[in-house]
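Participant: Quick note on the working numbering: the first sequence kicks off at 23 and runs consecutively.
In short, the hints are calculated from the structure, not lab data. Nothing here was measured: the structure is a model prediction, and the numbers come from that model. Backbone N, C-alpha and C define an ideal beta-carbon position, used for all residues, glycine too. There's no promise every hint is true.
Stated by the list, open to error - Label pairs and their calculated CB-CB ranges:
#1 221 with 71: 31 to 39 Å
#2 85 with 115: 12 to 20 Å
#3 172 with 116: 16 to 24 Å
#4 180 with 115: 20 to 28 Å
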Amino acid sequence: MAMTSALRDVFDRPVLQVAPTLLGQIIEHETPEGLVAIRLTEVEAYDGPNDPGSHAYRGRTNRNAVMFGPPGFVYVYFTYGMHWCMNLVCGPDGHPSAVLLRAGEVIEGVELARSRRPAARTFRDLARGPARLVQALDVGKECNGLDACDPASPLRFRPARPVPRSRIRRGPRVGLANGAERPWRFWVDGDPTVSIYRPHTPKRRRSGESVSHE
DNA sequence: CCATTGATCGTCT
DNA sequence: GACGATCAATGGT
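Throw the hints in and build the complete structure from the sequences for me.
Facilitator: Structure below.
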């Protein structure tokens, strides 16, 4: 079937163009428990083969396969042994780029989101961070490969008024060992739900563990 | 507010 | 075998 729709056109452009326009727009997940909707306040762009910070930098693997498909689909990955994060695939079919959804404001289903985020002390912490956002939505690996542009998909993109360019800031990406300096993180200036910046910290070896040759 | 640290396992080399 | 596109708890200022 032809993969065309006005909604998909939002994502079928270079990822650096798409990323800032997603701010202010909405991602929502409908489950048997109910609906949670989040207005995006922070995202990061990852540009496949040219980007040492991207999961697609070293080519296609089983994990990143969705990134190599058509735009508007959901790429979910597992990290740090315990967290899930979600992206929306951008660019033309075959170009592995995507936008990581880093933070947002819960605008529907606040009580449900709270029940899924017992550690969140405040409203603003419900989706303040990529793994937190995914937890508030109850997204996991079963959502990998879903079409966010299909109105029948449980996990879908809902267009809304984008944030004006004048209120958008950009800066280095978070938590990357390589490519962090590229200013491909975009956020809504002054929004309390934007995540706290943490630079990459290499993993420390526990004392007593051997150090390889050197 | 800030800095530090442990948790935990899929993925790739 | 090493390392994460992270978070929460803790303790200090």
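Participant: Is the hinted range of 31 to 39 Å satisfied by the C-beta distance from residue 221 to residue 71?
Facilitator: violated, 25 Å
Participant: Given a hint of 12 to 20 Å, does the C-beta separation of residue 85 and residue 115 actually sit inside it?
Facilitator: holds, 19 Å
Participant: Taking the beta carbons of residue 172 and residue 116, is their distance inside 16 to 24 Å?
Facilitator: Since the Cβ atoms of residue 172 and residue 116 sit about 20 Å apart, the hinted range of 16 to 24 Å holds.
Participant: Between residue 180 and residue 115, does the C-beta distance stay in 20 to 28 Å?
Facilitator: holds, 23 Å
In this structure, only the earlier hint numbered 1 is contradicted, and the remaining ones agree with it.
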